[in-house]
Amino acid sequence: MGGILAILFALTGKIEWAPYCIFIAIIFDFFDGFMAGLLKAKSDKGKQLDSLADIVTFGVSPGVMMFVMLQVLYPGVGSINIPLSDIYSGQGLGSNFNSIEAVSIEFIIIPYLAFIIPIFALFRLAKYNIDTKQSTSFIGVPTATMAIFFASFPLLIKDAATSQTDFKNWVLEYIFLNPPVLLILTVLFSVLMVVKIPLIALKFKTYKWVDNEIRYIFLGLCLISIITLKFWSIPVIVILYILISLVNNMTVKSKTQK
Amino acid sequence: MDNIKRLIPNLLTAGNLVCGILAIINILTPKTYGFEQSLYLIIAALGFDFLDGFVARLLKVQSELGKQLDSLADMVTFGVAPGIITIVFLKWSYIDFFTEEYRHGMSDLGHQIIEYGPYFALVIPIFALFRLAKFNLDTRQTSSFIGLPTPAMTIFFAVLPVLALDNSQSIWKIWTIEHVLINPIVLIVLILIMSILMVGEIPLFALKFKNFKWKGNEVRFIFLTITLVLFATLLFWSIPLIIILYLILSIINNVLTKTNEV
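Keeping their order, the protein sequence lines are chains A and B. Counting from 1, one number per residue, gives the positions in the first sequence under this note's numbering. Counting from 1, one number per residue, gives the positions in the second sequence under this note's numbering.
Bound-form chain A, shown alone:
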């Protein structure tokens, strides 16, 4: 449900509401598994329902959001009038774009590249469903992580556009409103979803420090960045999560080699 609303909002000109829908959907997604575990009502049907809902929320909606963002960045094509366009046209960057009258064909095609997000999410979710290995750690970035990463973009763009900080303006201009960077991120996360990198899952078997160092360090850093950076912490945490997992894999490997 949250996912459908996110798609609706993204496409009807309220893209800044879409992220909240995805956040709420993630909470629901967490609770359905949690409640099922609590009530001991785990079933195959529940698992199926869960993954079917996931493809909408964590596959299609981030794809659609990216599509809308890319379409806005290639004006003349965008039949969608969204407030985002107002935001960026005030940035100086937009006025250059507006002067382009003839729209070349690649401008029309490029936004559709955002669809590789739902396609890879599709493969990832289908694989996950038939895979039994992923109980304590994930293999490949979970779709929800990817969704929250892209979902934070509209919020950050809105924040950066109204702020006067040099750093934020720099990020806005060179990352968020830069189609090649957006495309690279799209491809990168799509690939990360399906590759076989073990990532840490935040499931504690015990609460001892010894086995859970990595989880505690990660949670600690998460808390600090949420407090200091607010919404800006979302992409930071996602990147941190991937990096820490990589470090963890290397240390685990060197331990087993010894």
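Don't read these hints as lab results, they were simulated from the structure. The beta-carbon is built from N, C-alpha and C at its ideal position, and this holds for glycine as well. Any given hint could be a false lead.
[As the list claims (entries may be wrong)] To be clear about the criterion: a stretch of chain A counts as covered by chain B if any three or more of its residues have a C-beta under 8 Å from a C-beta of chain B, and this derived list gives those stretches:
#1 48-54
#2 58-69
#3 240-248
[To be verified] As a list, the in silico EDC-like pairs of lysine to aspartate or glutamate whose alpha-carbon atoms are at most 20 Å apart:
#4 B:K134 / A:D159
#5 B:K134 / A:D32
#6 B:K134 / B:E201
#7 A:K47 / B:E178
Chain A is already provided as a structure; the job is to place chain B on it using the hints.
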């Protein structure tokens, strides 16, 4: 080579997904022919959906992964897309139905119902979700379906707005448009009926022929003939009729097989 073989049906499934997403995007971006284009996209998705299973069987690469991919893509194309198309269509029929004068004397509650009413169409994806989750686990549904298949429901809702935009001079078509299609109450009843039919335990025949003999396939041959005649004469107008016919024939078929068994 074997890997490529295995990839082909999965790519077709991805095609189904992309068509579904395009149909959704298309309907939500203001365009004149949005409904019609979305209908074509849904029909294309239906083609992909049919082909992926067919090609997988042909190349003998059926897999659990393929089955999962298929049902996930179906959720988007045959769950979310019809829901969103119907929301937009309901909004549109609302504007036509509740005219300015009609709205004038209304309470605040009435205005709110008008504003949020179209989101009632979200029951379509919810029921489609349950239907698809059930279908994946059900082993009974090989030669017949239990409950209306989601693609049939999707085509039904995708074609309604296209019919409503048909500016034909025929009297009965104009009557249907005015009294059935652009009537939010009728639409809401249709949404409810279709949603319940999707999850209801009614056996429906599938168009899978084990052999091509008349005996044993009577229902399928009768249905196909009537479908062809209807489609040739009525084009898009035939689609809702075909779906209703399908339901009626299935029910007759059920009654007949039951009496045979007795």
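Do the hints match the structure? See the list:
Only residues whose beta carbon comes within less than 8 Å of a beta carbon in chain B count, and the region 48-54 of chain A has 5; three or more means the coverage holds. Counting residues of the region 58-69 of chain A whose beta carbon lies closer than 8 Å to any beta carbon of chain B gives 5, which reaches the threshold of three, so the coverage claim holds. Counting residues of the region 240-248 of chain A whose CB falls under 8 Å from any CB of chain B gives 0; the rule of at least 3 is not met. A distance of roughly 43 Å separates the Cα atoms of K134 (chain B) and D159 (chain A); the hinted pair therefore is violated under the 20 Å criterion.
This hinted pair checks out: K134 (chain B) and D32 (chain A) have alpha carbons roughly 18 Å apart, not beyond 20 Å. Annotation: proposed proximity of K134 (chain B) to E201 (chain B) holds, straight-line Cα distance about 11 Å (limit 20 Å). With a C-alpha separation of about 44 Å, the suggested pair K47 (chain A) and E178 (chain B) falls outside the 20 Å cut-off, and the hint is violated.
When each numbered hint is compared with the structure, violations occur for hints 3, 4, 7.
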